[in-house]
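Colleague: Sequence:
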Amino acid sequence: VMRGGVKITYPGIHPEIIAADPAVLAAAPPAMLAAGLGDIIGKHTARLDWLLSQAVTGESYCPFITGMVERALSDCVALSVDMKPGDIAAARAVFEALVLSGLGMQMQGNSRPASGSEHHIAHFLEMRDALRGRPPSLHGDKVGAASLLVMRLYERFFQGDPPECTQYFARTQEAGIRRAFGPITGDILRGLPAPVSRSQWAAQWRGLTARWDFFRAEAAQLPALRARYSAALRAAGGAASLNELGYCADDIRDALLFAWAVRPRFTILSLLEGLGLLARLTGEVLDEQN
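Add 414 to the 1-based position in the sequence shown for this note's numbering, that's all there is to it.
These are computed hints drawn from the structure, not numbers from a lab.
All C-beta atoms in this analysis are idealised placements derived from N, C-alpha and C, irrespective of residue type, glycine included.
Honestly, I wouldn't trust all of these hints.
As the list claims (entries may be wrong) - Ranges between beta-carbon positions, derived for each pair:
(1) ARG546 <-> LEU691: 44 to 52 Å
(2) ALA589 <-> ARG417: 39 to 47 Å
(3) PRO429 <-> ALA663: 21 to 29 Å
(4) ASP435 <-> GLN614: 33 to 41 Å
(5) GLY660 <-> ALA631: 35 to 43 Å
(6) ALA641 <-> PRO444: 29 to 37 Å
Said to hold, decoys possible - Heads up, simulated EDC-like pairs for lysine to aspartate or glutamate below, C-alpha to C-alpha not over 16 Å straight-line:
(7) LYS421 <-> ASP664
(8) LYS421 <-> ASP543
(9) LYS421 <-> GLU540
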């Protein structure tokens, strides 16, 4: 929820009953179904970020939960590519996938199975919208488009051999954070994770390089998946880029550069920030997109 211009996550309890009529869902404005699909597409990069954190920080990871969510994602995309207005099967698939991702979060005890860097980018833009008095787009629209950008970062970083590990969490200068977050900077700075020591980072880097071939293989599949997800979003009437949602180049660049500070959760954004590579790869991804 938004509090004082900052997106805050509060503990909650699970619902006892979830009820929905697929015919009613299918009759909803198409933009809502497209946003739901966008949020589901975000589960792919959420999974990659979770695996990345497992390799680097040792965070617990559950393959059963991710398998459940990934199957739901695959079903949604398969139906959405040929989606037509009022498609009950597609509406049912998106709804069931969203429920399954919620169950995954309940099983894990946090939002890790359903939220990663793509959600942090969406949160950053939502906070900026509130600060600048702009009408927001639907949350899922931003998540889906952001996920496609995050995939590009994975593709570029893992396309070759591991880089030389010469830096360790060289945090962005405070001036950059103050420029990006303005009046809510204090809340953001208080929420930043503590920096790791040089010895801790060396051990974490060894953990990542031990899994490098796995991530390189995952990254090699992303261009084809990205094209498929983009086609599904457009078929559903959604946006496949943040530009289409009205965000300018500066908004998108700042979101990629500073969204890692929105949550103290390890993702591809915090990894690249720590290595001092985020600015360069962000520039390459945005130049490629344009």
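Colleague: Evaluate each hint against the coordinates.
Modeller: Evaluated hints:
1. For ARG546 and LEU691, the Cβ-Cβ distance of about 29 Å falls outside the hinted range of 44 to 52 Å, so the restraint is violated.
2. Evaluation of the 39 to 47 Å hint for ALA589 and ARG417 yields a failure: the beta carbon distance comes to about 25 Å.
3. At roughly 40 Å, the beta carbons of PRO429 and ALA663 sit outside the given window of 21 to 29 Å.
4. Take ASP435 and GLN614: their Cβ atoms lie about 52 Å apart, and the range 33 to 41 Å is violated.
5. The given range of 35 to 43 Å is respected by GLY660 and ALA631, whose C-beta atoms sit roughly 36 Å from each other.
6. Between ALA641 and PRO444 the Cβ separation comes to about 22 Å, which falls outside the hinted range of 29 to 37 Å.
7. Annotation: proposed proximity of LYS421 to ASP664 is violated, straight-line Cα distance about 21 Å (limit 16 Å).
8. Proximity of LYS421 to ASP543 is assessed by CA-CA distance (about 12 Å); at most 16 Å being required, the pair is judged to hold.
9. Between the alpha carbons of LYS421 and GLU540 the distance comes to roughly 8 Å, so the proposed pair stays at or under 16 Å and holds.
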